[in-house]
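**Student:** Make a model of the complete structure from these sequences and hints.
Sequences listed follow chains A and B, in order.
According to the numbering used here, the first sequence is numbered sequentially starting from 1.
According to the numbering used here, the second sequence is numbered sequentially starting from 1001.
In short, the hints are calculated from the structure, not lab data.
On a predicted model such as this, the values are computed, not experimentally measured, just so you know.
A couple of the hints might just be wrong.
[Claimed, not checked] Per label pair, the in silico range of CB-to-CB distance: (1) B/Ala1047 <-> A/Arg305: 48 to 58 Å; (2) B/Pro1250 <-> A/Cys323: 17 to 27 Å; (3) A/Val320 <-> B/Arg1225: 19 to 29 Å; (4) B/Ala1227 <-> A/Pro46: 34 to 44 Å; (5) B/Gly1267 <-> A/Cys323: 28 to 38 Å; (6) A/Gly290 <-> B/Ala1180: 48 to 58 Å; (7) A/Pro343 <-> B/Pro1146: 56 to 66 Å; (8) B/Arg1305 <-> A/Asp112: 41 to 51 Å; (9) A/Gln97 <-> B/Glu1098: 17 to 27 Å; (10) A/Arg289 <-> B/Arg1120: 51 to 61 Å; (11) A/Trp291 <-> B/Ala1381: 36 to 46 Å; (12) A/Thr371 <-> B/Arg1305: 29 to 39 Å; (13) A/Arg305 <-> B/Arg1120: 28 to 38 Å.
[Said to hold, decoys possible] Listing some non-contacts, in silico: residues in chain B with all C-beta distances to chain A over 10 Å: (14) Glu1086; (15) Arg1305; (16) Thr1371.
Where a beta carbon is used, it is the ideal one built from N, C-alpha and C, also for glycine.
2 protein chains.
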Amino acid sequence: MRTSGTHASTERTEPYDALVIGGGIIGLVTAWRAAQRGLRTALADPAPGGGAAMVAAGMLGSVGEFQYGEHALLDLNLASAARYPEFVAEVEEAGGQEVGYRDCGTLMVALDADDRAHLRDLHERHRRFGLEVEWLTGRECRRLEPMLAPGVRGGMRIDGDHQVDPRRLTAALLRACERAGVVIHRALAERLTVTGDRATGAELADGTRVSAGQTVLAAGSLSARLAGVPPDVLPPVRPVKGQVLRLTVPAPYRPFLSRVIRAVVRGTDVYLVPRVDGELVIGATSEERGWDTTVTASGVYELLRDAHELIPGITELPLVETCAGLRPGSPDNGPFLGPTALPGLQMATGHFRNGVLLTPITGDVMAEALTGGELPPAARAFTPHRLDGAARTSFNAPQEQPA
Amino acid sequence: MRTSGTHASTERTEPYDALVIGGGIIGLVTAWRAAQRGLRTALADPAPGGGAAMVAAGMLGSVGEFQYGEHALLDLNLASAARYPEFVAEVEEAGGQEVGYRDCGTLMVALDADDRAHLRDLHERHRRFGLEVEWLTGRECRRLEPMLAPGVRGGMRIDGDHQVDPRRLTAALLRACERAGVVIHRALAERLTVTGDRATGAELADGTRVSAGQTVLAAGSLSARLAGVPPDVLPPVRPVKGQVLRLTVPAPYRPFLSRVIRAVVRGTDVYLVPRVDGELVIGATSEERGWDTTVTASGVYELLRDAHELIPGITELPLVETCAGLRPGSPDNGPFLGPTALPGLQMATGHFRNGVLLTPITGDVMAEALTGGELPPAARAFTPHRLDGAARTSFNAPQEQPA
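**Tutor:** Structure (structure tokens):
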């Protein structure tokens, strides 16, 4: 049986300049920016405006996420973070709604002497890279955030980290796409069409064949599953499950927290993101479980336990929602951006834990790449063909954090 | 504005023999049994088939609940438990659906030496009362239930405890009421009508005035709030919040548990009720928080933590639902059954943690009382006017368990 999409019901479309496969936050920003550059743009997704961003906390932690050996990714994160204020203003204008952007900063705290030593070391590295961070004693941390546990031993204040509400941002981007004339096919792209040695569009589950000069694979964790893509071109992305809790801070207790709080508890990165409307998001587990998106007792239990160690008062708050999503993990934690080895096929996927943060720069980079310009310098380290055979073949194995 | 009920739209009804205020499990069984005896019966509730039973686990633990100083309640519990198999058969026939009754027994376990001593003592008391219970070593417990934590030190097997699915039982009772001719007014009873020195029905929120020879107050935790009831007749019930979790056991892991598992963990009674359809209910918190029914982070966290100590494997299970309800607590933990000091007003409320268990006997007792018969012997200790002034006035204070 064939069902027609809402915006498109022809069996074979006129050729577009660009077809974006995937209507999550990355696909939407790519399509929007392409349309703004004057490209006739289509997007295919059975449920546009969904994807991993529906679960994400929206912590824009360019600095906090910084790991050894990820300098190029740090540069990309910082470049995207710097674009955020202007990006948000533009999306809110184009999408006609606010997206919950908040310039609140982050406080990373240590709960014991080991944590403290580790965080001190991270603080030093940040300073060597010229990043603006401030070291605080435990008492100073609690003065900033009175709800912190008495046992907090010290912390690092990062005023450059911000937050956004990913659900609102995605909704605004979808509206911005529609207003910019992006044609949205509400159907799954089932197969890339290859004509000769060139990608020429895709076949959708509703029977539509969409032709396009450039096709962009932006299907998040599903990007490695598109039929028709040559095996050596398929991106080595895998689903990494994240479970997240949403609590509410009742009005009398607000603000409760004034900034994002992060810590490593029992080896796990835990963060609490307080929104202006009283929502408090606690994230996130990181689990290698294939395509499973069930909320488990252990996920909820461990998040509550670890968050409770940081902020004992959270236990009094209503628990409003538990959810799970799949991040598109990549072997080196970096995204795949721009042209692939197959002419006519580009990529914007593999953003792993940085999808929301990297949304502004991804939109700009992909618009450049689609209009035939060069990839901006910050993105050149993230071309899809950067990985050698060994790194590609290991992509189904659990991914270690760089030491 | 006045809205009409589904089954009743007149402003003033012909007098009924009995009007039941409250369409939870207790109100429904009362109305059903009254109609079966030939009484013209009405029931008023804005959402019949709701109430505390929607949250309850449905553990029929007459013996496990046994406390010092509650011999009359134990007798009532045992009498009601004994009626359950026949009651279930009758409700399933009358309501046209199964209610998830399961003759699975309970295993109460001890996690440390103190628990073990306490449980040993409880075992002795049970034996002195002639109840069938068997003492098991930790190894014997794990042989029965392999998912139990290795640390379990011993346990008491109670084959007389059963379970039922309270949501299904309530739905079947509602259907049975409709089939038996009970007229259901889908509106809140706002005020008891008193004519002279006699209760004569109630005024509903939709403007209907329902006249009845006998009015039964069966509004659960809300029973103390009905306007028009003389203060010295109002039942001393208060809301006691319970939070409950619902997990699912995926088919490959079943049965997972074969019977109800109970324990006291850190002073809190925790139980896991495994249903045939794979649902696993974990209950329950007991909180004195007025009319608050929010699911809190602490409720979910503590239930998961305590259940995990008993059954470590639960953390791998999907968490499907979190919910909270209000039990009608009474000063001595016993229900209020039968005629009050106000002629024409009867009561079936205050069932606290035993509402589902006491449903069969409550229906029988109330049918007797409404048709002018004597209260059965087991119910005579639970007349509404049993409490003296001191006990009544203390009803708003937090209720301690009998030592």
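**Student:** Each hint: holds or not?
**Tutor:** Here is how each hint holds up against the structure:
1. B/Ala1047 <-> A/Arg305: 48 to 58 Å: violated (36 Å)
2. B/Pro1250 <-> A/Cys323: 17 to 27 Å: holds (19 Å)
3. A/Val320 <-> B/Arg1225: 19 to 29 Å: Between A/Val320 and B/Arg1225, where Cβ atoms are some 28 Å apart, the hint holds.
4. B/Ala1227 <-> A/Pro46: 34 to 44 Å: Given range 34 to 44 Å: violated, Cβ gap about 54 Å.
5. B/Gly1267 <-> A/Cys323: 28 to 38 Å: holds (33 Å)
6. A/Gly290 <-> B/Ala1180: 48 to 58 Å: holds (52 Å)
7. A/Pro343 <-> B/Pro1146: 56 to 66 Å: The hint (56 to 66 Å, Cβ to Cβ) holds, given that A/Pro343 and B/Pro1146 are roughly 59 Å apart.
8. B/Arg1305 <-> A/Asp112: 41 to 51 Å: Violated, since B/Arg1305 and A/Asp112 (Cβ atoms, about 21 Å apart) do not stay within the stated range.
9. A/Gln97 <-> B/Glu1098: 17 to 27 Å: At roughly 48 Å between Cβ atoms, B/Glu1098 and A/Gln97 fall outside 17 to 27 Å, so the hint is violated.
10. A/Arg289 <-> B/Arg1120: 51 to 61 Å: For A/Arg289 and B/Arg1120 the Cβ distance comes to about 43 Å; the hint is violated.
11. A/Trp291 <-> B/Ala1381: 36 to 46 Å: violated (58 Å)
12. A/Thr371 <-> B/Arg1305: 29 to 39 Å: violated (55 Å)
13. A/Arg305 <-> B/Arg1120: 28 to 38 Å: holds (32 Å)
14. Glu1086: Its Cβ never comes within 10 Å of chain A, the nearest being 37 Å, so this holds.
15. Arg1305: Violated: least Cβ distance 7 Å, not greater than 10 Å.
16. Thr1371: Non-interface label on B/Thr1371 holds, nearest chain A Cβ at 46 Å vs cutoff 10 Å.
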